[in-house]
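> The numbering of the sequence shown is the UniProt record's numbering, which starts it at 1 and goes up by one.
There's no promise every hint is true.
[To be verified] Lysine to aspartate or glutamate pairs mimicking EDC-like chemistry, simulated, CA-CA at most 16 Å apart: (1) Lys143 to Asp130; (2) Lys259 to Glu24; (3) Lys315 to Glu352; (4) Lys196 to Asp114; (5) Lys131 to Glu209; (6) Lys27 to Asp74; (7) Lys329 to Glu313; (8) Lys315 to Asp334; (9) Lys82 to Glu57; (10) Lys169 to Glu185; (11) Lys315 to Glu333; (12) Lys360 to Glu324; (13) Lys126 to Glu151; (14) Lys172 to Asp130; (15) Lys82 to Asp242; (16) Lys357 to Glu324; (17) Lys196 to Asp242; (18) Lys82 to Glu270; (19) Lys310 to Asp334.
No lab work stands behind these hints: they were computed from the structure.
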Amino acid sequence: MRVLDVVFDNHPIFDSNTISFETEDKKILDTIILAGINGSGKTTLLSSIFKTFKKLEDNKFCLDEKDTVNLHLDINEDELEKAPKMIYLPSEVRFQSIHNSNQADEIPLAYCIDDKSTHDIISYIKQAFDKQIFSNPETTVGKSIDAVCDEINSIFSILDMDVYLVGIKDPKTKMPLFRNESGVEFDINGLSSGEKQLFIRLLSLKSLEPEGCVILIDEPEISLHPSWQQRIVEVYQNIGKDNQIIIATHSPHIISSVKRESLKILSKKERWVKVINGENLDETYGVTADMILLDIMGLSTTRHPHIQEKIDELKSMVRNELYETEEFKLLYEDITGVIGTIDQDILLVNIEIARRKGLKNAGH
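Please build the complete structure, drawing on both the sequences and the hints.
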């Protein structure tokens, strides 16, 4: 299944607008990145897609004419036999309580992964161990556990994580045991917040065995190191088969990990949200985070505004031939005391001063 486009009719944020998930030559996109600052409508768009599909499911794929959101889907009836067809991962999955949980036998076509359905990472790992052990009675428990660990660790292999699942701490409780590259072993409580988010989100998605699904992911960058953000799209692409992934993010590292045709830039202008197709932008794949922040996300500077103001003032004084004044020297010392003398802007200031002095000397 694929979402071809989302059609809004008198929507309070998107007005009357159609957001297409096809390229200009009508190729259906397998990966879509909805990028924009907070409040630009990314999460609203994701939740609108999910709620509309849920309503389609509940109403046997018929919508009321008064609905403000509609979906055009590429789907056939045979695909509907295997659930789920749409999976929604919210911005953060909580797992404060540690207790056993069993998934419902019947999974709906529209499925939301949240703290109510996942409960805790331990439950998923324990279920994976149990399934492997009971479905392979001729295999030793140790080999079954190793097989589960290898399968789970393979999901995270491209992230170059320092932590690996190596087994269980207690055969009775099947408490998962982890080990870092230093050889230190610890239980679930030893994982960082980012590692916990990765394990619970990715394992809960994998447990659904998505095939031909639309997977909606809100802000996957939360709690993740920038190096993981650079590769997290690829990780999600490798889970399941033949899925369409729609991600809402404001991470420059995620934005630069996909080609521009996969991008939809959302920006709020007064009351309405404007959507810009990535095909109308310069290439974003492999571009630096600074360029994404400045050119795509609309930041005026990647520096702290207070420092940028001082640098702008310094440059203005150079343009006005005030670089030999005491005021300039004090400002220069103030700035370089913070950012150093090899900063790119400071080097450019020094070059410009040298150029201007050279012109003056040549004039004499």
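> The structure should be examined with respect to each hint, and the outcome stated for every one.
Hint check:
Proximity of Lys143 to Asp130 is assessed by CA-CA distance (about 13 Å); at most 16 Å being required, the pair is judged to hold. For the given pair, Lys259 sits about 14 Å from Glu24 by alpha-carbon distance, which is consistent with the 16 Å threshold. At roughly 9 Å between alpha-carbon atoms, Lys315 and Glu352 fall within 16 Å of each other, so this suggested pair holds. The suggested pairing of Lys196 with Asp114 holds, with an alpha-carbon distance near 14 Å, which does not exceed 16 Å.
Between the alpha carbons of Lys131 and Glu209 the distance comes to roughly 14 Å, so the proposed pair stays at or under 16 Å and holds. The straight-line distance between the Cα atoms of Lys27 and Asp74 is roughly 12 Å, inside the 16 Å bound, and the hint therefore holds. Note on Lys329 and Glu313: the hinted pairing holds, with a Cα-Cα distance of about 12 Å set against a maximum of 16 Å. Between the alpha carbons of Lys315 and Asp334 the distance comes to roughly 14 Å, so the proposed pair stays at or under 16 Å and holds.
With a CA separation close to 13 Å, the supplied pair Lys82 and Glu57 stays within the 16 Å bound. Taken as a hint, the Lys169 and Glu185 pair is honoured in the structure, with Cα atoms around 9 Å apart against an allowance of 16 Å. Restraint check: the Cα-Cα separation between Lys315 and Glu333 comes to about 14 Å, which is no more than 16 Å; the hinted pair holds. Between Lys360 and Glu324 the CA atoms are separated by roughly 13 Å; this keeps the pair inside 16 Å, and the hint holds.
At roughly 14 Å between alpha-carbon atoms, Lys126 and Glu151 fall within 16 Å of each other, so this suggested pair holds. Between the alpha carbons of Lys172 and Asp130 the distance comes to roughly 11 Å, so the proposed pair stays at or under 16 Å and holds. A C-alpha spacing of about 13 Å is found between Lys82 and Asp242, which places the hinted pair at or below 16 Å, so the restraint holds. Taken as a hint, the Lys357 and Glu324 pair is honoured in the structure, with Cα atoms around 10 Å apart against an allowance of 16 Å.
A C-alpha spacing of about 26 Å is found between Lys196 and Asp242, which places the hinted pair above 16 Å, so the restraint is violated. In summary, the hint linking Lys82 to Glu270 is not supported, as the alpha carbons are separated by about 43 Å, beyond the 16 Å threshold. At most 16 Å may separate the alpha-carbon atoms for a hinted pair to count; Lys310 and Asp334 meet this at roughly 9 Å.
In this structure, the earlier hints numbered 17, 18 are contradicted, and the remaining ones agree with it.
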